[in-house]
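K.L.:
Starting from the given sequences, assemble the full structure and let the hints guide the process.
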Amino acid sequence: MEQAPVRLADADACVDAIIERVGKDIVLGLPLGLGKPIHLANAIYRRACKDPSLKLHIVTAISPLAPKGKSSLERRFMGPFAERLFGDIPTLEYAADVQAGKLPENVRVSEFFFRAGSFLNHRPQQQNYVCTNYTHAVRDLMALGVNVVAQLVAPSDDGETLSLSCNPDLSLDLMLELQRAREQGTPVAVVGETSANLPFFGHDAEVPAASLDILMDRRSTDYPLFPVPQTPVSTPDHLIGFYASTLLKDAGTLQVGIGSLGVAVVHSAVLRHKHNSTWRALFDELDVADRFPVTREWGGTEPFERGLYGCSEMMVDGFIALMEAGVLTREVFSHAGLQELVNEGLVGPGISLETLDALWDRELIHSPLRARDITWLKRFGILRPGVSFRGGRLVVSEQTLDPDLEDPQAREALAALALGDRLQGGVVMHGGFYLGPAKFYQQLRELSAEDRARICMTSVNFINHLYDHRFGNQRLKTVQRSHSRFINSAMMHTLNGAAVSDGLEDGRVVSGVGGQYNFVAMAHELPGARSILTLRSTRQSGGDTVSNIVFSYGHCTIPRHLRDIVVTEYGIADLRGRSDEDVYLALIRIADARFQPGLLKQAQKAGKVPRDFQLPESWRQNTPERIEQALEQVGREHFPTFPLGCAFTDEELVLGRALKGLKAATATRRGKLRTLWHALRADTDHPDLQPYLKRMDLERPEGIRERLDQRLLIHGLQRIGEPSSSGSSSS
Numbered sequence: 001m002e003q004a005p006v007r008l009a010d011a012d013a014c015v016d017a018i019i020e021r022v023g024k025d026i027v028l029g030l031p032l033g034l035g036k037p038i039h040l041a042n043a044i045y046r047r048a049c050k051d052p053s054l055k056l057h058i059v060t061a062i063s064p065l066a067p068k069g070k071s072s073l074e075r076r077f078m079g080p081f082a083e084r085l086f087g088d089i090p091t092l093e094y095a096a097d098v099q100a101g102k103l104p105e106n107v108r109v110s111e112f113f114f115r116a117g118s119f120l121n122h123r124p125q126q127q128n129y130v131c132t133n134y135t136h137a138v139r140d141l142m143a144l145g146v147n148v149v150a151q152l153v154a155p156s157d158d159g160e161t162l163s164l165s166c167n168p169d170l171s172l173d174l175m176l177e178l179q180r181a182r183e184q185g186t187p188v189a190v191v192g193e194t195s196a197n198l199p200f201f202g203h204d205a206e207v208p209a210a211s212l213d214i215l216m217d218r219r220s221t222d223y224p225l226f227p228v229p230q231t232p233v234s235t236p237d238h239l240i241g242f243y244a245s246t247l248l249k250d251a252g253t254l255q256v257g258i259g260s261l262g263v264a265v266v267h268s269a270v271l272r273h274k275h276n277s278t279w280r281a282l283f284d285e286l287d288v289a290d291r292f293p294v295t296r297e298w299g300g301t302e303p304f305e306r307g308l309y310g311c312s313e314m315m316v317d318g319f320i321a322l323m324e325a326g327v328l329t330r331e332v333f334s335h336a337g338l339q340e341l342v343n344e345g346l347v348g349p350g351i352s353l354e355t356l357d358a359l360w361d362r363e364l365i366h367s368p369l370r371a372r373d374i375t376w377l378k379r380f381g382i383l384r385p386g387v388s389f390r391g392g393r394l395v396v397s398e399q400t401l402d403p404d405l406e407d408p409q410a411r412e413a414l415a416a417l418a419l420g421d422r423l424q425g426g427v428v429m430h431g432g433f434y435l436g437p438a439k440f441y442q443q444l445r446e447l448s449a450e451d452r453a454r455i456c457m458t459s460v461n462f463i464n465h466l467y468d469h470r471f472g473n474q475r476l477k478t479v480q481r482s483h484s485r486f487i488n489s490a491m492m493h494t495l496n497g498a499a500v501s502d503g504l505e506d507g508r509v510v511s512g513v514g515g516q517y518n519f520v521a522m523a524h525e526l527p528g529a530r531s532i533l534t535l536r537s538t539r540q541s542g543g544d545t546v547s548n549i550v551f552s553y554g555h556c557t558i559p560r561h562l563r564d565i566v567v568t569e570y571g572i573a574d575l576r577g578r579s580d581e582d583v584y585l586a587l588i589r590i591a592d593a594r595f596q597p598g599l600l601k602q603a604q605k606a607g608k609v610p611r612d613f614q615l616p617e618s619w620r621q622n623t624p625e626r627i628e629q630a631l632e633q634v635g636r637e638h639f640p641t642f643p644l645g646c647a648f649t650d651e652e653l654v655l656g657r658a659l660k661g662l663k664a665a666t667a668t669r670r671g672k673l674r675t676l677w678h679a680l681r682a683d684t685d686h687p688d689l690q691p692y693l694k695r696m697d698l699e700r701p702e703g704i705r706e707r708l709d710q711r712l713l714i715h716g717l718q719r720i721g722e723p724s725s726s727g728s729s730s731s
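Numbering-wise (this note's numbering), the sequence shown opens with residue 1 and increments by one.
Any given hint could be a false lead.
Okay, the calculated beta carbon distance ranges per label pair [said to hold, decoys possible]:
#, residue 1, residue 2, range
1, G425, K55, 41 to 49 Å
2, D204, P368, 33 to 41 Å
3, P80, D222, 20 to 28 Å
4, Q614, T278, 34 to 42 Å
5, D506, L680, 36 to 44 Å
6, G598, D204, 45 to 53 Å
7, R372, D421, 44 to 52 Å
8, P80, T684, 47 to 55 Å
If you are wondering where the hints come from, they were derived from the structure by calculation, not from laboratory data. Glycine included, each C-beta is placed from N, C-alpha and C at the ideal position.
P.N.:
The following block contains the structure:
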């Protein structure tokens with residue numbers, strides 16, 4: 001029998017080996033996001049396209065594709081940008097055909113989480129969507145009949161182990177489930193594709209190479225990791241992030257997601273730690289302590305002396321920024337009793353005889369010390385690696401020591417010869433998967449061995465769940481996750497406390513539940529934990545500004561009985577344990593002032609708020625102008641548009657603003673006509689326009705379409721004041 005894994009250099013040979021094992025009815029499980037093995041996935045898909053007798057069902061989440069843009073101007077903008085960022089990355093062919101509606105009849109693709117809004121009007125994918133919590137995804141994937149799991153893996157130097165790196169989230173558990181299926185006689189295959197570009201993470205993510213059946217190992221076909229560029233952080237985003245940072249507790253736990261709101265939280269947390277006077281200036285300018293007393297009990301204003309610990313299904317690049325800033329420094333350990341002593345300040349980080357006394361007092365070790373005590377103490381660096389136990393005595397460099405903790409001479413010898421310097425084996429970050437900009441991947445590759453060892457990529461069931469069959473140590477999770485703050489974003493919030501995060505009331509799915517419900521529920525289970533749902537108070541829809549805080553909505557992701565803390569750019573609503581009247585008013589209070597009267601009227605009509613209640617004058621200050629003024633007071637430069645870096649050139653940033661403005665201006669029929677009228681009158685001769693026109697390949701337009709695009713672009717630039725010396729068109 002051939003020793004696992006079968007190592008092959010050719011993707012088609014891997015497909016042959018898969019079919020030989022499981023047959024032509026393949027239910028292929030692919031990781032969420034980055035961990036998709038593109039060469040293998042493409043080879044399997046191509047085989048299905050050529051062979052109608054092969055039935056292929058791909059089950060996954062977030063299938064990344066390079067952006068293209070919809071309008072002709074957007075395509076001109078995105079083309080060079082996409083080529084620069086994604087040009088060397090093979091296209092995920094099944095995903096491209098899903099988007100184009102070109103899947104053959106023998107291929108089906110089901111996802112349990114969409115890239116936000118990507119399939120809102122795509123009927124087949126709406127129909128194939130699988131709704132599941134992240135912690136239930138493995139169960140539901142197995143129920144769909146997954147018999148092949150394929151993943152991008154990082155090889156070790158000796159080839160004996162592999163790292164699931166970016167995606168142990170579901171794969172660790174899927175591999176166990178497939179092994180059980182194999183033992184029951186079901187043909188299955190676990191397949192890997194190596195990538196030297198993938199950072200190697202150990203701990204739970206490191207698995208024996210023999211745990212895979214087939215490994216495509218051909219370094220010449222390595223491609224860059226798929227990047228997700230940063231999105232701009234707006235003024236409302238920064239205020240939301242700031243308010244959320246006031247709720248973080250030193251020596252606490254942080255979960256935060258991807259996107260501009262997550263970046264804003266990280267940025268304000270770093271600002272609080274490294275530039276506390278500036279952070280406090282905004283805290284005082286907004287009168288946070290008096291207006292939102294929840295921050296006094298549940299938050300903090302000082303730098304993070306003991307630091308934070310990250311426990312997040314997604315390890316975003318913000319966690320590396322927190323690590324570099326000295327915020328992500330609180331280490332947790334894989335033993336509940338030890339962790340309790342660490343939390344109480346009785347143990348660590350330095351080692352002394354008092355460390356042994358505290359452990360002995362809690363009956364974690366014995367006196368005299370026993371063999372198993374020595375092994376345990378060495379595991380956490382409390383005793384030096386060279387210490388051994390023979391004949392009832394400790395042996396250190398050929399010296400023997402009495403292991404009696406009550407004997408003064410033995411204690412003196414232990415302190416001098418056997419004790420380590422500091423606790424070992426702690427981690428500051430548990431993550432399930434990662435996805436982010438190219439700079440983030442480079443940072444991960446360049447981590448020191450020490451810092452990389454402080455990150456544990458692991459199963460999502462460890463991170464998102466207190467009670468699960470595999471990682472069932474509820475006590476350990478509870479003591480590790482002290483003062484947890486689970487920060488997630490929502491699209492809308494209803495006045496009764498329900499959150500809308502993943503879909504619309506007509507049933508269409510925007511993204512997916514993912515792990516949001518898990519974290520909200522866990523916040524209600526863990527002592528000292530809070531769920532924080534963040535959302536912008538308004539959005540643009542059809543050319544109009546509408547409120548994201550609404551009286552009611554026909555769909556919810558988080559039910560009202562799990563209501564907790566909600567944050568908008570206008571403040572904090574503490575909803576936990578409050579009466580309906582208090583909840584309705586707390587949410588109206590952090591709504592945009594333009595919509596407060598209408599929301600109040602609806603609440604009063606429903607009998608939830610007394611009819612004689614009047615909106616306080618301070619609530620009426622919830623305006624975009626007020627929050628801009630607040631940032632100006634403390635220094636707008638402290639709140640940059642791209643706090644963690646930017647993949648766009650300066651010209652592209654200007655062009656992006658112009659195109660965004662054009663899109664908003666043409667959201668209605670009247671707006672389209674008015675924009676077209678002004679565009680046709682735009683001055684095309686200003687010399688400072690040339691860099692922008694050159695970037696968009698519109699220097700010398702040919703034909704009506706290109707001439708119109710040139711005029712529209714110039715009008716869009718003039719609307720935002722670019723070039724600065726040009727005469728702006730009236731709008």
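K.L.:
Are the hints correct? Go through all of them and say.
P.N.:
Outcome of the hint check:
no. : hint                     : result
1   : G425 to K55: 41 to 49 Å  : holds, 47 Å
2   : D204 to P368: 33 to 41 Å : holds, 34 Å
3   : P80 to D222: 20 to 28 Å  : holds, 24 Å
4   : Q614 to T278: 34 to 42 Å : holds, 36 Å
5   : D506 to L680: 36 to 44 Å : holds, 38 Å
6   : G598 to D204: 45 to 53 Å : holds, 50 Å
7   : R372 to D421: 44 to 52 Å : violated, 23 Å
8   : P80 to T684: 47 to 55 Å  : violated, 22 Å
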